[in-house]
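Engineer: Please construct the entire structure, taking both the sequences and the accompanying hints into account.
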Amino acid sequence: MLAGALAAKAIVSSAAEKETQTRFQEAKQKYSNEFNASRATKRAYEEAQTRFRNLKTNATSTQEQTRLKEQVRLRAQEFLKKEISAMIKYLEALKNRVTNMNKMDEGDRAFILAKINENIAWLQGKQAEIDGASADKLKTISQEVKDYWKNIRVASRKMTGQILASRIKFLIGKAELMATKLEAKIQELKQAGKDTAKLEELLADFKTKIASAKSSYEQAKAKFAAISSKDNVVQLFQEGHKLIKEANQYVKQAHKDLIQLVRRIKQLEKPSDSVNATTTP
Amino acid sequence: MRTKSFIFILLVLAAAAVVFYLVQTGVDMMPGTEETAGQKSTKPAIESASIGTFDTELEADLKSFDTDLFDLNNLANDASLNTIDSDMANFNL
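If you read the protein sequences in the order shown, they are chains A and B.
Quick note on this note's numbering: the first sequence kicks off at 4 and runs consecutively.
Quick note on this note's numbering: the second sequence kicks off at 1491 and runs consecutively.
Do not rely on the hints blindly, as some may be mistaken.
[Unchecked claim] Derived, one-sided and incomplete: chain B residues facing chain A with beta-carbon distance under 7 angstroms:
#, residue
1, A1566
2, D1577
3, F1581
[Said to hold, decoys possible] Derived pair list, reagent style DSS-like, types lysine-lysine, alpha-carbon separation capped at 30 angstroms:
#, chain 1, residue 1, chain 2, residue 2
4, B, K1553, A, K217
5, A, K245, A, K177
6, A, K98, B, K1553
7, B, K1553, A, K245
Because the hints were derived from the structure by calculation, they are not lab data.
By construction, the Cβ of each residue, glycine as well, lies at the ideal position given by its N, Cα and C atoms.
Structural biologist: Here it is as structure tokens:
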């Protein structure tokens, strides 16, 4: 009955993951659409700029110059708004992934989401200042957004690293819990007179692999925590990412031990005890 | 009479809810506390059905992690972000 409940849980979990994927792809598509829309506004802005520059050199009337200068301001306004929209959509895609991620520490999730929301709110505030802004005001806003975006780029890499670290931490924690239960099960089989030598050997190896994964995770966590500026973000993110992949590999190796452990435990538990535990692969 | 029937239905529903909860949470069948060290338990200390799914459970978690790793890495390295960087750096009204 319990196995049935667990199987049902696995099906629900798989469906939830598919749903998460769909939602993330949608959010990513929204970012992509907004980014593409910003290309059109950029072209319109550049064209207006070119028209204005050409007119100046041709000594056109002041009235015409004023009209075209205003066109440049309006196109710049539209471009800046779209560019900020694309930035917001990017952060929303990241937020979507973190919100719907199933297996991560809730404290880590809340911390990361608060950071993303803070960035989105700041950008939305700047976007609201754009309508009706003078050319000078637009220059100020663009400078502020440029500086803030640089920080977001650093922060988003740091957050991505922290999300990955939190995810692998969850996986390692689960494997550790499994090791504790397996240990108790092996003891129980031993007390029942079963030969558990191979099981103990596999469990020891499983635990070593998980310990190695934990060590890689701790190092990765430190790398991501040390990200502080655009000068160190690329290197530290790459190093942290490599360590996360390393930790993942250790858990995968531990999983191979786990497959054998489960198979052997099932064999030893067969009521007839028809299987010779010492000769099974 | 009506009240008695109502209470009876409530009790049945409460009992069903407890059974449902125990099945959903996969409660471990631990040996009774009254057992002494020398006694052999008649029930398994660790639920075998739960251990029997450990490998598939971890496998599913690993697959899910791989997807997250792929998605997040792609998002962090999206080439369009460099374009936004350069747009903002070159914005000159």
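Engineer: Are the hints correct? Go through all of them and say.
Structural biologist: A quick look at each hint next to the structure:
For B:A1566, the shortest C-beta to C-beta distance to chain A is roughly 5 angstroms, which falls under 7 angstroms, so the interface hint holds. With its C-beta approaching chain A no nearer than about 6 angstroms, B:D1577 sits inside the 7 angstroms limit, and its interface hint holds. A hinted interface residue such as B:F1581 counts as satisfied when its beta carbon comes closer than 7 angstroms to some beta carbon of chain A; here the least separation is about 5 angstroms, so the hint holds. Simply put, B:K1553 and A:K217 have alpha-carbon atoms about 19 angstroms apart, close enough for the 30 angstroms limit, and the pair holds.
With a CA separation close to 22 angstroms, the supplied pair A:K245 and A:K177 stays within the 30 angstroms bound. Proximity of A:K98 to B:K1553 is assessed by CA-CA distance (about 21 angstroms); at most 30 angstroms being required, the pair is judged to hold. The suggested pairing of B:K1553 with A:K245 holds, with an alpha-carbon distance near 18 angstroms, which does not exceed 30 angstroms.
Taken one by one, the earlier hints all hold for this structure without exception.
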